[in-house]
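J.: Generate the whole structure from the sequences, applying the supplied hints.
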Amino acid sequence: MMDQDIKKEKNKRRENKDPVLELSNVKKTIRKKGIIKGIDLSVYAGEVFGFLGPNGAGKTTTLRMIVGLIRMTEGEIKIGGYSVKKDFVKAMENVGCIIENPEMYDYLSGWENLKVLASMERGITKDRIKEMVSLVGLEKRIDDKVYTYSLGMKQRLGIAQALMKRPKLLILDEPTNGLDPSGISEFRHLIRSLAEKENLGVLVSSHILGEMEMLTDRVAIIRQGSIVKVTSVDEIIKEKGITYRLADPLKAKSLIETEFNGQVQIRDDEELVAFVKEEDVPAINQRLFSKGIPLYYVAKNQKSLEDLFLELTAGDEIV
Amino acid sequence: MYNLVGNEILKLFMKKRLFVVLGILLILIGLFAYGEQYTRDRTEARVAEELGIEDVDDWREITNQQLRDLDRRLENPFIPEEGRASLEVRAEQLRYYLEEDINPTTFSAGQFMSNFMEQSIFLFLPLLIILLGADIVSKESTTGTIKLLMTRPVPRWKILTSKVLALMVLEMLVIFAMAGISLVIAYFTFGSLGFGEPVITGFRIVDGSLDTSNIQTVSLGLYNIMVYSLGYIVAFTIGKMALMVSVLVKSTPAAIGIMMSSLIGGTFLSFFIGDWELTRYLFNVNLQLTDFLSGNLQQVEGLSLGFSVAVLMAWALGSVIIAYGVFQYKDFMD
Chain L
1 MMDQDIKKEK NKRRENKDPV LELSNVKKTI RKKGIIKGID LSVYAGEVFG FLGPNGAGKT
61 TTLRMIVGLI RMTEGEIKIG GYSVKKDFVK AMENVGCIIE NPEMYDYLSG WENLKVLASM
121 ERGITKDRIK EMVSLVGLEK RIDDKVYTYS LGMKQRLGIA QALMKRPKLL ILDEPTNGLD
181 PSGISEFRHL IRSLAEKENL GVLVSSHILG EMEMLTDRVA IIRQGSIVKV TSVDEIIKEK
241 GITYRLADPL KAKSLIETEF NGQVQIRDDE ELVAFVKEED VPAINQRLFS KGIPLYYVAK
301 NQKSLEDLFL ELTAGDEIV
Chain P
320 MYNLVGNEIL KLFMKKRLFV VLGILLILIG LFAYGEQYTR DRTEARVAEE LGIEDVDDWR
380 EITNQQLRDL DRRLENPFIP EEGRASLEVR AEQLRYYLEE DINPTTFSAG QFMSNFMEQS
440 IFLFLPLLII LLGADIVSKE STTGTIKLLM TRPVPRWKIL TSKVLALMVL EMLVIFAMAG
500 ISLVIAYFTF GSLGFGEPVI TGFRIVDGSL DTSNIQTVSL GLYNIMVYSL GYIVAFTIGK
560 MALMVSVLVK STPAAIGIMM SSLIGGTFLS FFIGDWELTR YLFNVNLQLT DFLSGNLQQV
620 EGLSLGFSVA VLMAWALGSV IIAYGVFQYK DFMD
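Sequence lines, in order, name chains L and P.
For the first sequence, our numbering assigns the number 1 to the initial residue and increments by one for each residue that follows.
For the second sequence, our numbering assigns the number 320 to the initial residue and increments by one for each residue that follows.
Note that these hints are calculated values from the structure, not bench results.
Since the structure is predicted, the reported quantities are computational estimates derived from the model, not experimental observations.
A hint or two may mislead.
[To be verified] A short list of chain P residues far from chain L (calculated; beta carbon distances all over 10 Å):
1. LYS466
2. VAL483
3. LEU484
4. PHE495
5. SER511
6. TYR600
7. GLY644
8. PHE646
[Said to hold, decoys possible] List of simulated lysine to aspartate or glutamate pairs, DMTMM-like, C-alpha gap at most 25 Å:
9. P:LYS334 / L:GLU103
10. L:LYS168 / L:ASP143
11. L:LYS32 / P:ASP650
[What the hints assert, rightly or not] Going by beta-carbon spacing under 8 Å, a handful of chain L positions derived as facing chain P:
12. ARG71
13. TYR82
14. GLU93
15. ILE99
16. GLU100
17. TRP111
18. VAL116
19. SER119
20. GLU121
21. GLY123
22. ILE208
23. LEU209
Glycine residues also receive a C-beta, built at the ideal position from the N, C-alpha and C atoms.
T.: So this is what it looks like as structure tokens:
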């Protein structure tokens with residue numbers, strides 16, 4: 001079931017382009033204990049891919065294997081078509097990342113940090129660094145030592161550092177940790193616009209579900225080292241359904257099913273859940289009214305990524 | 320590669336550690352120079368008092384006085400065997416200076432410089448190098464910046480090589496700083512450079528007695544170059560070992576602790592079980608390279624300059640191999 005899902009996704013996307021990131025059967029074993037038990041996934045240019053799972057599920061380990069910090073025991077990881085194992089340098093030329101906290105050399109200034117890191121890459125000009133500094137809005141503080149920066153500013157510097165090489169793939173591990181709400185929303189807009197305008201593939205890990213729901217196109221849910229499900233956020237939203245509390249569920253059911261082509265589940269003698277398009281809701285309400293079915297309330301279901309997540313991870317602790 | 324080494328050197332300079340080390344050097348050399356001056360004044364005053372003269376200009380008298388002091392100490396039956404041998408060697412050296420009409424008591428900046436390195440080479444110099452080298456990888460692990468380095472399109476071995484090269488530059492810098500600071504302070508304290516003075520070297524200890532068959536006279540300037548070159552060999556070895564420990568452990572304090580305790584512990588070990596053949600392969604007992612030049616008695620018998628340098632190089636090479644081997648395949652988990 002899971003594999004079919006992945007294959008279907010892959011096939012659909014492969015018609016257009018190759019993935020910027022491809023993991024096939026990636027495993028990590030430490031002292032005979034399987035930490036990562038065979039992960040397959042692909043991230044395509046222009047999409048934001050979420051990596052969702054409770055702490056300790058293997059998110060960070062997987063991300064670290066992608067960027068070569070941890071060596072995989074088995075399997076293959078390709079970035080922009082280059083194998084991380086065999087062609088590390090070429091693979092790394094295509095990826096920018098922030099793994100966990102955005103640590104920088106705090107005894108250097110922001111500018112010196114970027115310069116040091118840029119010198120390790122190919123073809124990053126001074127103008128490009130300046131461009132990145134203004135993209136993340138750090139112009140005024142860039143010459144200050146990094147130890148004077150707030151976490152949010154370090155995060156921005158981290159993003160500048162990750163993007164300055166014009167990567168095809170951006171990897172962000174728990175990126176919104178420590179950002180305030182306005183910072184988070186700014187960050188979200190930045191990532192979405194980069195994905196759309198610059199055709200950047202983004203892999204984001206998080207345990208904050210609401211965040212992922214707004215940010216990502218697809219998510220993989222990982223639990224105890226395996227991917228449990230890969231799904232698109234659209235699908236999850238579609239699955240949500242609308243709860244109707246009304247006098248005659250049976251009558252309402254047939255009305256919604258015939259006129260609006262929706263699925264209906266009757267919960268009890270005063271409640272049903274209808275899986276319909278949200279834009280149809282006013283029309284449905286009007287029809288119910290005109291049919292003389294008293295309506296007590298209508299509510300969008302809270303079934304969300306979170307419910308799905310809890311279902312799939314079967315109550316593993318989420319922190 | 321140049322850019323990588325440049326980055327590492329920039330980082331080393333921007334960290335405060337280097338300036339702490341330079342500060343320690345400045346203070347210690349100042350104290351050392353003051354102490355030297357004080358002791359010499361006291362010796363002169365004592366000699367003058369004993370001989371009943373106003374001013375002591377004749378170095379022979381001072382040297383004779385030192386010889387008499389040594390002989391008096393040798394008469395003490397409670398001195399242990401090893402101590403006795405070393406005093407005897409020192410006495411023989413002084414007699415040699417007297418016979419050859421070479422003044423060992425004149426004190427110049429050049430002499431101070433070589434003295435300072437001779438005193439520092441087995442403990443103080445290694446400590447400074449440990450302070451600087453033990454954090455070169457471990458600090459990046461502790462602060463997490465290692466992730467920035469390791470995710471660049473640069474192979475791991477190049478990253479470690481840039482650190483090795485930067486550390487070698489730093490080792491050199493410490494040696495130059497020791498030479499420079501002691502030269503300047505000593506010049507202002509003692510008043511003369513004295514690089515042209517003759518120095519006798521090439522003493523060898525054979526069966527606990529001084530062998531003078533191979534001695535040579537060199538200028539003090541050349542002697543200093545030799546002493547500080549040997550200092551660099553020690554700095555190089557300790558630097559490589561510190562680098563290895565820095566790769567192996569994640570925390571800088573742990574790295575410094577491990578290096579310091581092996582440095583001091585190994586010295587103790589060689590002191591207590593010096594008879595044991597194996598102790599001569601410890602790096603600790605081979606650090607006093609300058610003793611082969613100055614003719615001080617070795618703690619462990621049967622060492623030679625060539626042997627000691629070979630042992631140190633073996634330790635350095637082993638450390639580098641382990642460091643690269645571990646770094647290349649290490650998983651950076653946290």
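J.: Does each hint fit the structure? Answer for all of them.
T.: Verification of the supplied hints:
1. LYS466: 5 Å, violated
2. VAL483: 17 Å, holds
3. LEU484: 15 Å, holds
4. PHE495: 23 Å, holds
5. SER511: About 42 Å separates P:SER511 from the closest Cβ of chain L, which puts it past 10 Å; holds.
6. TYR600: 34 Å, holds
7. GLY644: P:GLY644 clear of chain L: closest Cβ-Cβ about 14 Å, beyond 10 Å.
8. PHE646: The claim stands: P:PHE646 keeps its Cβ more than 10 Å from every Cβ of chain L (closest is about 12 Å).
9. P:LYS334 / L:GLU103: 16 Å, holds
10. L:LYS168 / L:ASP143: Judged against 25 Å, a Cα distance of about 28 Å means the pair is violated.
11. L:LYS32 / P:ASP650: Holds. L:LYS32 to P:ASP650 sits at ~15 Å (cutoff 25 Å).
12. ARG71: 6 Å, holds
13. TYR82: Violated, about 10 Å.
14. GLU93: With a minimum Cβ separation of about 4 Å from chain P (threshold 8 Å), the hint on L:GLU93 holds.
15. ILE99: 5 Å, holds
16. GLU100: 7 Å, holds
17. TRP111: Check failed: Cβ of L:TRP111 comes no nearer than 12 Å to chain P, outside 8 Å.
18. VAL116: 5 Å, holds
19. SER119: 4 Å, holds
20. GLU121: 6 Å, holds
21. GLY123: 11 Å, violated
22. ILE208: 21 Å, violated
23. LEU209: 24 Å, violated
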